[in-house]
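S.K.: Please construct the entire structure, taking both the sequences and the accompanying hints into account.
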Amino acid sequence: MDSRKHAVPLPQARGLNRVQAAHYVGVSPAYFDQLVQAGSMPQPKRFGTRTIYDLRALDIAFDLLGDDAVPNEWSAVLQA
Numbered sequence: 001m002d003s004r005k006h007a008v009p010l011p012q013a014r015g016l017n018r019v020q021a022a023h024y025v026g027v028s029p030a031y032f033d034q035l036v037q038a039g040s041m042p043q044p045k046r047f048g049t050r051t052i053y054d055l056r057a058l059d060i061a062f063d064l065l066g067d068d069a070v071p072n073e074w075s076a077v078l079q080a
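Going by the numbering used here, the letters in the sequence shown line up with residues 1 to 80, in that order.
One thing to keep in mind: the hints can contain errors.
Using 25 Å as the maximum straight-line C-alpha spacing, the simulated DMTMM-like pairs for lysine to aspartate or glutamate come out as follows [stated by the list, open to error]:
{"hint": "1", "residue 1": "Lys45", "residue 2": "Asp33"}
{"hint": "2", "residue 1": "Lys45", "residue 2": "Asp63"}
{"hint": "3", "residue 1": "Lys45", "residue 2": "Asp59"}
Here are the in silico distance ranges between beta carbons for each label pair [what the hints assert, rightly or not]:
{"hint": "4", "residue 1": "Arg56", "residue 2": "Tyr31", "range": "17 to 23 Å"}
{"hint": "5", "residue 1": "Lys5", "residue 2": "Ala38", "range": "34 to 40 Å"}
{"hint": "6", "residue 1": "Leu65", "residue 2": "Gln12", "range": "32 to 38 Å"}
{"hint": "7", "residue 1": "Arg56", "residue 2": "Lys5", "range": "16 to 22 Å"}
By construction, these hints were calculated from the structure, which means they are not laboratory data. If you're wondering where the values come from, they're calculated on a predicted model, not measured in any experiment. By construction, the Cβ of each residue, glycine as well, lies at the ideal position given by its N, Cα and C atoms.
M.R.: This is the structure in structure tokens:
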């Protein structure tokens, strides 16, 4: 089986639409809207009638998100 069939391709464009931006950070579009509203993800830029999310701003916002993961036995190993 070719595993590349199921791989999610990375976007080539710097500007992403709402659905692409949500998928880029790994959440649904509805949850992405909530993250934008809460200020956890950046506001979009407007180009005429287009609403575009900046890939670099998404990367920065994602890096700043806290780690709410439940600790497990691998946490100590990975920290070492």
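S.K.: None of the hints should be skipped; say for each whether it holds.
M.R.: Evaluation of the provided hints:
1. A hinted pair counts as satisfied when its Cα atoms are at most 25 Å apart, and Lys45 with Asp33 qualifies at roughly 14 Å.
2. For the proposed pair Lys45 and Asp63, the alpha carbon gap of about 20 Å is at most 25 Å, so the pair holds.
3. The straight-line distance between the Cα atoms of Lys45 and Asp59 is roughly 15 Å, inside the 25 Å bound, and the hint therefore holds.
4. Evaluation of the 17 to 23 Å hint for Arg56 and Tyr31 yields a pass: the beta carbon distance comes to about 21 Å.
5. Distance hint for Lys5 and Ala38: a CB-CB separation of about 35 Å, consistent with the stated range 34 to 40 Å.
6. At about 24 Å, the CB distance of Leu65 to Gln12 disagrees with the hint of 32 to 38 Å.
7. Our hint of 16 to 22 Å for Arg56 and Lys5 is violated, since their Cβ atoms are close to 29 Å apart.
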